[in-house]
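**Student:** Below are the chains, spelled out letter by letter.
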Amino acid sequence: MIQAPDLPAWAAFIVAFLIVTGAAITLIGSFGLLRLGSFYERVHSPTLGTTLGTAFIVLGSMTCFSVLQSRPLVHELLILAFVTITTPVTLMLLARAALYRDRTEGREDVPLIDENDEQALAEI
Amino acid sequence: MTSPEGLLLAMLILPFLGSLTAAFLKPAARTPAWALTWAATLIALGIAAYLYPAVEGRAVLRNEIEWLPSLGLNFLLRLDGLSWIFSILVLGIGALVTLYARYYMSPEDPVPRFFAYLMAFMGSMLGLVLSGNLIQLAFFWELTSLFSFLLIGYWHHNQSARDAARMALIATAAGGLCLLLGVLLIGKIVGSYDLDRVLASGDLIQSSDLYLPALILILLGAFTKSAQFPFHFWLPHAMAAPTPVSAYLHSATMVKAGVFVLIRLWPVLAGTDAWYFIVSTTGLLTLLIGAWAAIFQQDLKGLLAYSTISHLGLITLLLGLGSPLAAVAAIFHAVNHATFKASLFMAAGIIDHETGTRDLRSLSGLYRFMPITATLAMVAAAAMAGVPLLNGFLSKEMFLSASLAEHSGTIIDQALPALATLASAFAVLYSLRFIHQTFFGPAPQGLPRIPGEAPHWMRVPIEILVVACLLVGILPAMTIGPYLATAVHSVLGDATPAYSLAVWHGFNPPLFMSIAALGLGTGAYLLFRKTLNRQDGAPLIRRLKGRKIFEASLAAIVDTARALERLLGTRRLQPQLRLLVVVALLAGLLPFTRLGYGLGDHQGTVVDPGFAVVWMIGGACAIGAAWLAKYHRLAALILTGGAGLVCCITFLWLSAPDLALTQLLVETVTTVLLLLGLRWLPIRAEEVWPGGRAASVTLRRAIDLTIAVAAGLGMTLIAYAVMTRPLPGSVSRFFVERAYPEGGGTNVVNVILVDFRAFDTLGEVTVLAIVALTVFALLRRFRPAQESVGAPAQQRVQNAIDEAREGRQVGDTLKDYLLIPRVIMEWLFPVIMVFAIYLWIRGHDMPGGGFAAGITLSIALIVLYMASGTRRVEARLRVQPARWIGFGLLLALLTGMGAWLFGHPFLTSYFGYLDLPIVGKVPAASALLFDLGVFLIVVGATALILIAIAHQSIRRPSASILRQQALEQGEG
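Same order as they appear, the protein sequences are chains F and A. Its first residue numbered 88, the first sequence is counted upward by one per residue in my numbering. Its first residue numbered 27, the second sequence is counted upward by one per residue in my numbering.
It should be emphasised that the hints constitute simulated quantities derived from the structure, not laboratory data. Given the structure is predicted, the values throughout are model-derived calculations rather than measurements. Honestly, I wouldn't trust all of these hints.
As the list claims (entries may be wrong) - Here's a subset of chain F near chain A, in silico, CB distances under 8 Å, partners left out:
#1 His-162
#2 Val-170
#3 Ile-172
Said to hold, decoys possible - Far from chain F, by Cβ distances over 10 Å, these chain A residues were calculated:
#4 Ala-226
#5 His-462
#6 Pro-847
#7 Pro-943
Glycine is no exception: its CB is placed at the ideal position from the N, C-alpha and C atoms.
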């Protein structure tokens with residue numbers, strides 16, 4: 088493991104707080120993945136980690152290295168930006184795929200499509 | 027190049043250079059191809075003629091170029107009297123054949139290819155006669171086999187030509203292997219492959235125990251090449267080649283190669299009993315059988331082919347007798363035969379060309395249509411028959427007098443004069459038949475074409491050769507005399523006998539034998555000429571079908587191979603893999619059973635709990651993937667990805683960011699490509715064994731599991747034993763220390779890849795490019811399994827919905843499906859691209875590099891393809907991976923070669939610092955360009971494979987399949 092003995096105590100506390108908070112939020116999201124009932128509920132919980140969790144960890148990292156190198160380091164913000172932009176893509180793709188499957192299987196608890204479509208599907 | 031040595035090399039290179047150039051001409055470029063061949067041959071011939079003074083009086087011209095001096099092997103060209111006279115034959119008749127072929131080849135034939143083969147063959151033959159060491163001789167020997175294969179099979183649309191070419195190749199190349207073994211034995215005896223040293227070690231060779239095996243192997247080579255009985259079968263079939271090829275191969279070159287080697291090695295190999303019995307018996311048998319079979323041929327070229335066999339037998343017999351006088355006759359006859367046989371083949375070609383047939387039975391009275399050709403053919407045939415005042419007569423006289431001379435007193439020797447006369451009578455008979463049947467008698471009827479005289483320039487080669495026959499025949503001492511003397515002296519040296527090249531030797535026994543042969547042959551023809559036309563194959567030897575034996579032995583070889591394959595091979599993947607793993611396991615176990623297993627001194631470090639958890643997750647993923655691989659491929663694939671990620675984390679943990687980065691990227695691309703491929707796998711039925719699993723299946727699985735666990739455990743134990751030992755002194759320290767001072771980069775991994783081991787990298791990326799092209803080529807013609815041929819269910823559902831809804835057309839759903847994710851993915855494309863370039867630039871000093879950058883860019887492409895679909899992407903973006911690969915390879919190669927400009931070895935890299943405005947000082951190494959090449963190749967290769975798979979999805983099944991499916995649905 089990479090240690091950071093040069094980090095002053097006050098900074099270490101801040102960094103530790105940020106990282107532990109981020110990790111905890113991500114962990115909660117992962118628990119959600121385990122505990123929540125349906126796919127549509129489950130799909131939301133990991134996003135907690137990829138947005139808020141990542142934000143805290145990125146902040147922690149920025150603080151840590153800015154203090155260590157005595158200059159503001161902000162390029163971790165890029166990580167945050169890209170993770171925030173790309174997570175919804177995954178979310179949408181997964182949700183649409185699940186919706187598609189449930190519709191073709193004719194499940195009751197998903198938003199329906201109109202009747203014409205149902206007829207068309209029945210013919211296939 | 028103007029020194030004699032340089033000219034010698036130029037003479038050999040010219041035909042090959044011409045061949046290479048002709049090969050790149052367009053098929054329609056008849057005249058350029060011909061002119062090229064003609065010029066190359068004439069220049070080479072001029073050089074050969076110019077070099078004559080260098081070989082006069084037993085002088086030898088040598089040009090030695092170092093090749094493998096440590097093994098005593100050099101590329102050595104050696105010109106002496108014998109090789110000079112053969113060079114003149116090869117090039118001279120080559121030039122005439124070239125001229126002839128220009129008019130002979132039909133406009134539909136791709137003539138440049140023909141001339142390319144012809145020149146390559148000429149060069150190989152020249153290389154053979156000029157070889158100064160035995161290995162080189164065997165090499166050019168095999169080259170002549172190879173190019174004769176191409177020449178005989180030139181009309182490859184013709185089944186018989188293909189068969190004949192293959193037969194000739196197998197016979198002569200197998201003989202070539204024997205020859206190689208033979209010369210290796212000679213080299214072992216003498217201690218050198220240098221021809222001059224070998225020729226000086228005759229006694230040493232003949233007294234060695236290895237003499238007999240070496241002799242037999244060399245003779246096998248020579249006999250197959252020179253079509254000696256019983257290996258003569260390939261020659262008549264080779265008549266399927268275009269006539270210029272026959273005229274060249276069977277007069278001056280191919281078949282003379284065997285004779286040439288016999289003459290070349292005559293001073294060291296001849297003179298023993300073994301030589302006498304094997305060579306003279308084979309020669310005599312071939313002489314008689316060839317001549318006998320020639321009498322009964324109905325095909326013009328067939329007759330000439332068997333007469334060639336017979337004349338080669340004559341030369342072999344002369345060499346076998348072992349007396350210097352007979353050897354002189356052999357050399358002389360080799361030259362004479364080349365001249366008259368080449369002209370006869372060309373005449374036969376003209377007859378075939380003009381009448382459309384080569385069948386002696388349907389030819390007749392052609393003299394009135396083509397008097398000039400007829401006269402020329404008559405003179406040449408008379409030379410073949412041994413009529414006085416022609417060159418054939420002189421060498422035959424020498425043969426007859428050699429047959430009379432006392433040699434050994436054995437039965438062969440006693441019967442030789444009589445048999446020689448008989449064979450000469452046969453020669454008279456078939457020559458007479460050839461001429462009389464073709465040119466005399468009533469006018470031919472029912473010919474495919476009205477015959478006429480051939481173009482003047484097509485006859486010129488024959489005219490030249492016939493004039494040569496006449497000049498040599500009438501004035502031998504003034505024409506061929508000095509050159510023959512040079513050749514003979516170069517072979518026989520001090521043993522050269524006194525011989526006389528005169529037409530008139532007085533009334534002596536050979537003359538009476540000659541007259542008897544002429545009388546016998548003419549009489550027999552007059553008696554039997556009607557009967558001969560009714561014959562179908564030669565009596566007595568009809569059963570001796572060399573071809574049948576050859577084909578039977580080939581079939582036997584193939585059958586044996588098949589039987590072995592059945593016995594040892596399997597087409598099933600599982601047994602193959604099982605065998606492989608078990609063998610590897612046993613091989614790995616073997617050293618431990620003998621030397622024992624022990625751990626090293628290093629004590630294990632404390633396991634970090636976090637790391638252990640990560641590894642447990644990875645292990646679980648791997649096992650899960652294996653568990654699910656059979657029925658749940660998608661899940662298995664995702665789990666594999668999980669295991670890959672754990673690998674990546676491990677690399678990071680152990681401070682190998684470069685590896686981690688590459689692992690992450692490769693993992694991404696692999697998963698996507700595998701996902702794309704999943705669609706084409708057949709659906710697995712869960713219930714494979716309807717009535718419950720058989721016990722044998724359970725047992726097999728248990729065994730497989732045991733093997734797998736054993737192999738895994740074995741690997742673990744070995745790895746553990748290795749890792750508990752101290753690291754031996756390896757090169758890694760060297761790399762770490764030299765990376766910056768010598769490579770100019772702080773990223774050691776990258777410096778190794780693009781600088782220290784750049785040549786390896788170049789090889790690897792080349793392989794990568796080849797693999798990508800191969801995958802592309804395979805997938806382009808890929809036809810999926812029947813059940814996955816149609817459009818995927820999702821597409822069909824989509825289209826059905828589009829059709830059902832009011833105001834929608836098919837494809838509308840697709841157009842705005844998942845619009846937002848698509849836009850995000852499309853916008854990310856340039857971002858990932860910038861990232862890739864960043865990885866490439868910083869690669870020399872920090873984690874990154876061309877490979878990682880390439881993979882990154884391909885991920886960007888994959889994302890784009892996934893977001894927009896194949897058609898949309900390709901409508902907007904020029905995706906040309908093959909060009910990227912080509913450009914990348916070129917760039918890498920040129921960067922490497924750039925070092926030459928500065929006098930450094932290939933792929934030496936240069937590094938320095940560039941001062942850029944705004945950016946500041948940046949490190950710049952020439953290795954960066956090399957890395958760009960790698961970058962491009964990797965992108966190209968990945969994209970090529972991706973595209974090949976992606977295009978499968980948009981490919982519509984062929985019309986016939988769709989129709990068939992519709993039909994089936996109608997029935998159902």
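**Student:** Are the hints correct? Go through all of them and say.
**Tutor:** Results of checking the hints against the structure:
1. His-162: Violated. Min distance 12 Å.
2. Val-170: violated (12 Å)
3. Ile-172: holds (6 Å)
4. Ala-226: holds (76 Å)
5. His-462: holds (85 Å)
6. Pro-847: Since the minimum Cβ distance to chain F is about 4 Å, Pro-847 of chain A lies within 10 Å and the statement is violated.
7. Pro-943: holds (22 Å)
Comparing the model with each earlier hint shows violations of hints 1, 2 and 6; every other hint is respected.
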